[in-house]
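*Asks:* This is what each chain is made of:
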Amino acid sequence: MTNIEKYNEAFIESFGVTEEQLPDLAYQEIPEWDSVGHMQLIAALEDAFDIMFDTDDIIDFSSYEKGKEFMAKYEVEL
Amino acid sequence: MAFWNTLERFGERTALITETGEHITYSALLARADEIAGAAGSRCLAFLMCRNCADAAAGYVGFLRRGIVPVLLAENLDTSMLEGLLESYRPAYFYLPNEKAPDLPGVTAWRGESYTLLHLPYEQDYKLPEELALLLTTSGSTGSPKLVRQSGRNIEANTRSIAEYLGILSEDRAITTLPMQYTYGLSILQSHLSVGAAVILTDKTLMDKEFWALLKEQKATTFGGVPYIYEMLKKLRFDRMNLPSLRYLTQAGGKLPKELAEEFIQTCKRKNMKFIVMYGQTEATARMAYLPWEHAESHAASIGIAIPGGEFWLADPEGAPILEPETTGELVYRGPNVTLGYAENRFDLCKPDENHGELRTGDMAKRDAKGFYYIVGRKKRFLKLFGSRVNLDEVEGLLNRAGIPCACAGVDDRLDVYITDGSLLGQAERFIKEHTAINPNGFQLHVIEEIPRNDSGKVLYSALGARP
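As given, the protein sequences belong to chains R and H, one line each in that order. Residue numbers for the first sequence follow my numbering, beginning at 1 and rising by one. Residue numbers for the second sequence follow my numbering, beginning at 1 and rising by one.
Do not take every clue at face value.
[As the list claims (entries may be wrong)] Quick list of in silico lysine-lysine cross-link-like pairs, DSSO-like style, CA-CA up to 30 Å:
no., chain 1, residue 1, chain 2, residue 2
1, H, 234, R, 73
2, H, 258, H, 379
3, R, 6, H, 209
4, H, 219, R, 66
5, R, 68, H, 379
6, R, 6, H, 433
7, R, 6, H, 235
8, H, 379, R, 66
9, H, 235, R, 66
10, R, 68, H, 258
11, R, 73, H, 209
None of these hints come from the bench; they were simulated from the model.
Based on the sequences and whatever the hints tell you, model everything.
*Replies:* What follows is the structure, given as structure tokens:
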């Protein structure tokens, strides 16, 4: 799987959304992406890329698009 | 005298702090509270759709002061569930966010910056007994019409007791982490207002940077959390955060796993904060027990001792008191905060006190030689999903009636739904997501060959399989 595929998969698995829904996806915009869902997403991304997010990045990770910026910080090229 | 009637004495002290940093004094809060309740007139039933905002809090306080009985409801209540509740209870008023008001029939009696008070057209063909003060849901996520009847005396007694054992000071500032319709969230609001302290109101969660910014800017001294909030705090590396304003944290709403409890006890010790584990139920207003900080380290798995004014005993299977330590029985509580009973519709509201100050908690517990209690298990068929109570039999009923035969079990924070027809998997998931308010992250569906039953046809829940 490519990195972008792994990234997308984390969202699809955690929230049960389709790939088409990804670009506009943001925290608290769908029932699944509440604080509990957020924890699950973070865990899924950490597992997929074998990284550990900083607290600041966890609480700032507010959308699918914004999240991509953070991945670069963890040396993951999407 | 009931605390909500003596809030005037706190005058210019800050009562509420909003997300935008606005400080609302007690006099301003009461002016608004009395204006809202005044628009509703005399004693009646009012639904209150909750948010952690000033208008909602003012409405609640106003209703209590005026003797209007609020039914506190979650915002995410499904339309058909809400319609069911409206039909069963026929409240005279509905106090709700402005943008939700157009969805309901009624005349606007008051409108504020965020909330509207709607006068509903129902015929008032039922009575409210004098002692009834508040109604809270028992299993909001399944739209159950079963409400807990709380008296003014219950609220006053429990609030005073909580403020006492927690040592809440008028300088304290609690930041909300829980919704207002949840008895734990409500108790934080009430206990702080009762001593002239302040409450920072927000619907932001621990996963929002705005929550932490607000906590720091407004120098919050405390917040509470159900077990999953502590899981989140651990993930966010709370131990590494620099939050000098925090004085104490509380935990209730389910059993915190022992290792997590021990971890937070140590972290809080290091940060010069208290960590108070507590235990309660809506049926006991809010709280029944707490673990005094000085005993936290040595009794990390305990719920502690009864709150001031309350007492516990353990009942054996015949109902007789258990006198020996280390023997499990049903935990029974006695105190002025034991509520009046339940209601399923508006005619039940005038039922008398059915509990007479004693509550069978439905939890199995034991007591150690020093008199500290430990919860061992649950007798009743419900779970706590991220703090919210979910009645397992009700979920089964809903799915069965929707044509999806199932059996429900699970543990706190994970509801397991077992179905036998694999082709119904998608339908079952959609049903739970669309027709209940069960957190979509809190359940898992499993397809099994057949639902295990005993000879009399009763489901054998224990045979449904251990967690994978």
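*Asks:* Would you pick out the hints that fail for this structure and give their numbers low to high?
*Replies:* 5, 8, 10
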